[in-house]
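*Asks:* For the record, the sequence lines run as chains A and B. No gaps in the numbering here: position 43 of the first sequence is 51 in my numbering, and each next residue is one more. No gaps in the numbering here: position 24 of the second sequence is 39 in my numbering, and each next residue is one more.
Hints in this document: simulated from the structure, not taken from any laboratory. It is possible that some hints are incorrect.
Stated by the list, open to error - Derived DSBU-like pairs (lysine-lysine); straight-line CA-CA distance at most 30 Å:
| hint | chain 1 | residue 1 | chain 2 | residue 2 |
| --- | --- | --- | --- | --- |
| 1 | A | Lys39 | B | Lys211 |
| 2 | A | Lys12 | A | Lys45 |
| 3 | B | Lys133 | A | Lys12 |
| 4 | A | Lys61 | A | Lys76 |
| 5 | B | Lys211 | A | Lys12 |
| 6 | A | Lys73 | B | Lys91 |
| 7 | A | Lys45 | B | Lys211 |
| 8 | A | Lys35 | B | Lys133 |
| 9 | A | Lys45 | A | Lys60 |
| 10 | A | Lys60 | B | Lys91 |
| 11 | A | Lys45 | B | Lys133 |
| 12 | B | Lys211 | B | Lys133 |
| 13 | A | Lys61 | B | Lys211 |
| 14 | A | Lys39 | A | Lys61 |
| 15 | B | Lys82 | A | Lys73 |
| 16 | A | Lys61 | B | Lys91 |
| 17 | A | Lys35 | A | Lys61 |
| 18 | B | Lys91 | A | Lys76 |
| 19 | A | Lys60 | A | Lys73 |
| 20 | A | Lys76 | B | Lys82 |
| 21 | A | Lys35 | A | Lys60 |
| 22 | A | Lys39 | A | Lys60 |
| 23 | B | Lys133 | A | Lys39 |
| 24 | A | Lys61 | A | Lys73 |
| 25 | A | Lys45 | A | Lys61 |
| 26 | A | Lys60 | A | Lys12 |
| 27 | B | Lys211 | A | Lys60 |
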Amino acid sequence: MTCKEALHHVACEDIESLSWRQRRILKRHIKVCPPCKDYADQVRAIQRIFRKKSRGLALDEAELKQLKATIMECLPDEESDGDGT
Amino acid sequence: MTAAKNSTTSVETPEIVAGIQAQDHEALEAVVNAYLPQIVRAARGAGLSAVTADDVAQETFITFFEKSPTFEGRSKIRTWIFGILYRKIAEARRSVKRSNEMDDIDEIVDQRFNADGKWISPPRPVDQELYESEVMGLLDDCLETVPDQQRMAFVLREVEDMETPEICNVLDVTSTNLGVLLFRARNRLRECLESKGVGS
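Put together the whole structure using the sequences plus the hints.
*Replies:* Okay, here's the thing in structure tokens:
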């Protein structure tokens, strides 16, 4: 396995599609190849930071309540009964 | 995360699906309650401003209300709503005239390897703590360089923890295409952060 192939598998997240043997080769390659290990570490770190950052973007309770109220005003008119009248 | 997942899976029931089709207010409200926080977070994670993200979330649910009688229940409710969100984000982006015609990330990545697939220019090792604090501040700028579809794939995978088949349904891409989108998003972010001196 070349470094470029290893990088591709890490970034594509296609590990699940690899055979057991290919996965073992990939793991071993990353373990013994310092730049590939650095690359995999960086990708994981970016993912972790992105997750942390994005989760911090959630609305607080008051904002959420206000937005929900605005959205609920847009609900379609309720039918008076089930027979379409 | 588990608690969030539990609260959302509770609306993924045949009763709620029937309620959605009948435009039952309680069912529609239950869906809003379950998915509004995720929708807003994903819209913001996709790079929209707080105000635009709120507008897009609102438009997403208005479309959801309008189309609810046609929902056939073939996908999860969440997948359907995120599909609407994805199109609304694209519309919002188009309205501010953002173009990302050429994807040069493949070329940039290729240049780092020789013909044998070995590193010519290896990534720089990083100090973890410094990396996190620095990257947090620089990430915003770099996210702006990630095209919408790649960024949305990244958001759905990393923030919403969606599985491959669900993301493929939302973005209407094959699993191979999704791999390419994730590959490009990750490499674009990494290359951008490295160009800003992170890790040096």
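*Asks:* Which earlier hints turn out false for this structure, listed by number in ascending order?
*Replies:* none
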